[in-house]
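Asks: Sequences listed follow chains A and B, in order.
The numbering of the first sequence is our numbering, which starts it at 11 and goes up by one.
The numbering of the second sequence is our numbering, which starts it at 11 and goes up by one.
No lab work stands behind these hints: they were computed from the structure.
Since the model is a prediction, treat every value here as computed from it, not as a measurement.
The beta-carbon is built from N, C-alpha and C at its ideal position, and this holds for glycine as well.
Hints may be right or wrong, so weigh each one.
Calculated pairs, DSS-like style, for lysine-lysine (alpha carbon to alpha carbon, straight line, at most 30 angstroms) [to be verified]:
hint: 1; chain 1: B; residue 1: LYS313; chain 2: A; residue 2: LYS137
hint: 2; chain 1: B; residue 1: LYS177; chain 2: B; residue 2: LYS313
hint: 3; chain 1: B; residue 1: LYS283; chain 2: A; residue 2: LYS137
hint: 4; chain 1: A; residue 1: LYS138; chain 2: B; residue 2: LYS191
hint: 5; chain 1: A; residue 1: LYS137; chain 2: B; residue 2: LYS308
hint: 6; chain 1: B; residue 1: LYS308; chain 2: A; residue 2: LYS138
hint: 7; chain 1: A; residue 1: LYS138; chain 2: B; residue 2: LYS313
hint: 8; chain 1: B; residue 1: LYS308; chain 2: B; residue 2: LYS212
hint: 9; chain 1: A; residue 1: LYS66; chain 2: B; residue 2: LYS308
hint: 10; chain 1: B; residue 1: LYS387; chain 2: A; residue 2: LYS137
hint: 11; chain 1: B; residue 1: LYS86; chain 2: A; residue 2: LYS138
hint: 12; chain 1: A; residue 1: LYS137; chain 2: B; residue 2: LYS191
hint: 13; chain 1: B; residue 1: LYS107; chain 2: B; residue 2: LYS86
hint: 14; chain 1: B; residue 1: LYS47; chain 2: B; residue 2: LYS346
hint: 15; chain 1: A; residue 1: LYS138; chain 2: B; residue 2: LYS283
If you only want the chain B side, here are some residues facing chain A, beta carbon under 10 angstroms, derived [what the hints assert, rightly or not]:
hint: 16; residue: ALA59
hint: 17; residue: THR60
hint: 18; residue: GLN63
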Amino acid sequence: MIEFLQQLINGLAFGSILALIALGYTMVYGILRFINFAHGDVFMLGAFSGFYLAPKIAMILPLPSVAGGILVSIVSMAICAAIGVLIERLAYRPLRHQPKLTMLITAIGVSLFLEYTSQFIFGAAPKKFPEILPAFPLAKIGGLNLNSNQIVVFVVTVLLLIVLRFIILKTRIGTAMRAVSFNPQAAALMGVNTDIVISFTFALGSALAAAAGILWAINYPAIDPLMGILPGLKAFVAAVLGGIGNLPGAALGGLIIGVTETLVSGYISSTYRDAIAFAVLILILLVKPSGLLGRKEIEKV
Amino acid sequence: MRIFHALSLLAVSVAMIVFAGCNKSSSSTNADGNIIKIGEFASLTGSEATFGQSSHKGTQLAVDNLNAGSGLLGKKIQLLTEDDQSQAGQSATVVRKLISSDGVVAVLGEVASSRSLEAAPICQQAGVPMISPASTNPRVTQVGDYIFRVCFIDPFQGTVMANFARKTLKLNDAAVLSDVKSDYSMGLAKFFKEGFAAAGGKIIADENYSGGDKDFNAQLTAIKAANPDGIFVPGYYTEVGLIALQAKQLGINCPIFGGDGWESSSLVPIGGKALEGDYFSTHYSPQDTSPAVQNFVKEYRAKYNETPDAMAALGYDSAMILADAIKHVGTTDGAKVRDALAATKNFPGVTGNITIDPNRDASKPAVILTITNGQFKYVETVSP
Numbered sequence: 011m012i013e014f015l016q017q018l019i020n021g022l023a024f025g026s027i028l029a030l031i032a033l034g035y036t037m038v039y040g041i042l043r044f045i046n047f048a049h050g051d052v053f054m055l056g057a058f059s060g061f062y063l064a065p066k067i068a069m070i071l072p073l074p075s076v077a078g079g080i081l082v083s084i085v086s087m088a089i090c091a092a093i094g095v096l097i098e099r100l101a102y103r104p105l106r107h108q109p110k111l112t113m114l115i116t117a118i119g120v121s122l123f124l125e126y127t128s129q130f131i132f133g134a135a136p137k138k139f140p141e142i143l144p145a146f147p148l149a150k151i152g153g154l155n156l157n158s159n160q161i162v163v164f165v166v167t168v169l170l171l172i173v174l175r176f177i178i179l180k181t182r183i184g185t186a187m188r189a190v191s192f193n194p195q196a197a198a199l200m201g202v203n204t205d206i207v208i209s210f211t212f213a214l215g216s217a218l219a220a221a222a223g224i225l226w227a228i229n230y231p232a233i234d235p236l237m238g239i240l241p242g243l244k245a246f247v248a249a250v251l252g253g254i255g256n257l258p259g260a261a262l263g264g265l266i267i268g269v270t271e272t273l274v275s276g277y278i279s280s281t282y283r284d285a286i287a288f289a290v291l292i293l294i295l296l297v298k299p300s301g302l303l304g305r306k307e308i309e310k311v
Numbered sequence: 011m012r013i014f015h016a017l018s019l020l021a022v023s024v025a026m027i028v029f030a031g032c033n034k035s036s037s038s039t040n041a042d043g044n045i046i047k048i049g050e051f052a053s054l055t056g057s058e059a060t061f062g063q064s065s066h067k068g069t070q071l072a073v074d075n076l077n078a079g080s081g082l083l084g085k086k087i088q089l090l091t092e093d094d095q096s097q098a099g100q101s102a103t104v105v106r107k108l109i110s111s112d113g114v115v116a117v118l119g120e121v122a123s124s125r126s127l128e129a130a131p132i133c134q135q136a137g138v139p140m141i142s143p144a145s146t147n148p149r150v151t152q153v154g155d156y157i158f159r160v161c162f163i164d165p166f167q168g169t170v171m172a173n174f175a176r177k178t179l180k181l182n183d184a185a186v187l188s189d190v191k192s193d194y195s196m197g198l199a200k201f202f203k204e205g206f207a208a209a210g211g212k213i214i215a216d217e218n219y220s221g222g223d224k225d226f227n228a229q230l231t232a233i234k235a236a237n238p239d240g241i242f243v244p245g246y247y248t249e250v251g252l253i254a255l256q257a258k259q260l261g262i263n264c265p266i267f268g269g270d271g272w273e274s275s276s277l278v279p280i281g282g283k284a285l286e287g288d289y290f291s292t293h294y295s296p297q298d299t300s301p302a303v304q305n306f307v308k309e310y311r312a313k314y315n316e317t318p319d320a321m322a323a324l325g326y327d328s329a330m331i332l333a334d335a336i337k338h339v340g341t342t343d344g345a346k347v348r349d350a351l352a353a354t355k356n357f358p359g360v361t362g363n364i365t366i367d368p369n370r371d372a373s374k375p376a377v378i379l380t381i382t383n384g385q386f387k388y389v390e391t392v393s394p
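Start from the sequences, fold in the hints, and give me the full structure.
Replies: See the structure below:
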């Protein structure tokens, strides 16, 4: 029983990070109907921003500390938001009125470009991510181990999800985002500046990816330029599982993938981990093709 | 805006031409009769980068020393090094290039067994002798009679660690956590399990991960539930560091131990305090007081300003044993060099006396190190 609870905690912590990456995928899809495959690499750039910022910020605030950790995260998120806007501006905007497939292929190109340019600049060897948050073991209830980093991941994910819901449902820019998501042409005719809305979406999604990158690096402190590929792929699966375009769905999908993988590794064999996780995906999509929380879309003819 | 796009396109094309130009500068001295070309493939970048960097530096030092003397057969040696990026598939490509387009007389490499196994059939087919500095999986030299190594093999290493765990650490129940993607890891795990059972111990948990994984909490939680006295992790250093960290976070306090895949300057920076008091077996210790080792350490420090690890020492030995064989037969003919390599007896290497046995493996002692205050400390030497 203790072992099962421990595996559940492991799975939820791992799934929370996937959920955070999945939020970025699903948001961009919601607005543009397009999968930004470079999202996993922005996640990697978030971790590397933190890696290079930490020594600079340590000069102002002592690290590891809560304030220092938050500052590192916020500056990394800002850097990645800027990178996200730049990617959209240079790579995707010129193709906005081309077939969706063109944009998809471009996204794969951007992804490879980021991976191998980073390898050229940062070097391919894994780097040790510095300790930016004070880590300590929390409760040890009857052999159950819970450490502060796992709690931080979970709490940050829930907080960011709430902030995101607030932005989308209660603010002017959020209303504009929803308008563009329903019908870009109509929104533009009503005076919504679609360019700004799309840039903002990319900024928000990339900032989330950066936050996920930092949280990932705090928990698994060896970072390298190709670290975004696998988490990116799994987060994409999580977004599809939850119903792509749906924010709580992405978070739910992330948690389900995280817990499934952990339970399979713990009780069956890690060799079958990915196979079983993807089998779960296929099963759910067979029963509910639009994903767990996704709405059925009616194609207008 | 059109001008902006045109300019960025221009910048990209210029950059591509410049990069393409850089690649083609070293392979133009083809028909030069005064040079002996030796090929080397190593993981200079990627997840096992320190292995390739170290073995390359050791090999380069050996070649420089030889060239500073009389060279080889009155000719200078040219070392052509290719990077396989620690990736599956790459080593076959680069070794094919070394043999067919550069025309090397012999190939040195790799550290990781999986990548040596990829390159070995190509060298065997081309009749080019290949010497692996540090691949310990037995299957590497079984590929054919042109494939050699200058290190011990995993049946020996696995048994050494099994006996060490049973007799010195006095463990009764052990857990094993190995990498399913790595021939080295699976092989070493198998021989450890056999040796540990033969020594009267019990394997109570046997878990796997895939190289490149970052999260090991699931496997470690399962291991913790089995409550072993020690965990054998025959992996490579990046994963080992993360495994040690996560094990401590889960409250696992028994010793963790492994093989020569731990030997890296990156191990302690990643694993930190979580590795204190853990053990691993390897090929040599720079703290060895023998003149051969101390001389090598001095030369290596003078050239690179760092202490050589086992991969560096083995890289050095692999180049030296090849030079010795070529000197012996007075030609670079593949078949004759092969015969000379196979006849090597008591060659005084940095990592001990090397005798090539009938399976083309080196029979040599293993060294056990422990991690104390972030440093590798010598524990004992185990002879075959």
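Asks: Look at each hint and say if it fits the structure.
Replies: Against the structure, the hints come out as follows:
1. Proposed proximity of LYS313(B) and LYS137(A) is supported: the alpha carbons are some 25 angstroms apart, at most 30 angstroms.
2. Between LYS177(B) and LYS313(B) the CA atoms are separated by roughly 41 angstroms; this puts the pair beyond 30 angstroms, and the hint is violated.
3. At roughly 17 angstroms between alpha-carbon atoms, LYS283(B) and LYS137(A) fall within 30 angstroms of each other, so this suggested pair holds.
4. With a CA separation close to 23 angstroms, the supplied pair LYS138(A) and LYS191(B) stays within the 30 angstroms bound.
5. For the given pair, LYS137(A) sits about 28 angstroms from LYS308(B) by alpha-carbon distance, which is consistent with the 30 angstroms threshold.
6. Distance hint between LYS308(B) and LYS138(A) is fulfilled; the C-alpha atoms sit about 29 angstroms from each other, no more than 30 angstroms.
7. For the proposed pair LYS138(A) and LYS313(B), the alpha carbon gap of about 26 angstroms is at most 30 angstroms, so the pair holds.
8. Restraint check: the Cα-Cα separation between LYS308(B) and LYS212(B) comes to about 44 angstroms, which exceeds 30 angstroms; the hinted pair is violated.
9. For the given pair, LYS66(A) sits about 36 angstroms from LYS308(B) by alpha-carbon distance, which is inconsistent with the 30 angstroms threshold.
10. With a C-alpha separation of about 24 angstroms, the suggested pair LYS387(B) and LYS137(A) falls inside the 30 angstroms cut-off, and the hint holds.
11. Our distance criterion of 30 angstroms between C-alpha atoms is broken by LYS86(B) and LYS138(A), whose separation comes to about 41 angstroms.
12. Restraint check: the Cα-Cα separation between LYS137(A) and LYS191(B) comes to about 22 angstroms, which is no more than 30 angstroms; the hinted pair holds.
13. With a C-alpha separation of about 22 angstroms, the suggested pairing of LYS107(B) with LYS86(B) holds against the 30 angstroms cut-off.
14. A distance of roughly 16 angstroms separates the Cα atoms of LYS47(B) and LYS346(B); the hinted pair therefore holds under the 30 angstroms criterion.
15. Among the hinted pairs, LYS138(A) with LYS283(B) is consistent with the structure: their alpha-carbon atoms are about 13 angstroms apart, no more than 30 angstroms.
16. A cut of 10 angstroms between beta carbons decides the hint on ALA59(B): the least distance to chain A is about 4 angstroms, and the hint holds.
17. The interface hint given for THR60(B) is met, as the beta carbon of that residue sits about 7 angstroms from the closest beta carbon of chain A, less than 10 angstroms.
18. Given the 10 angstroms rule on beta carbons, the hint for GLN63(B) holds: about 8 angstroms separates it from the nearest Cβ of chain A.
Against the hints set out earlier in the document, violations occur for numbers 2, 8, 9 and 11.
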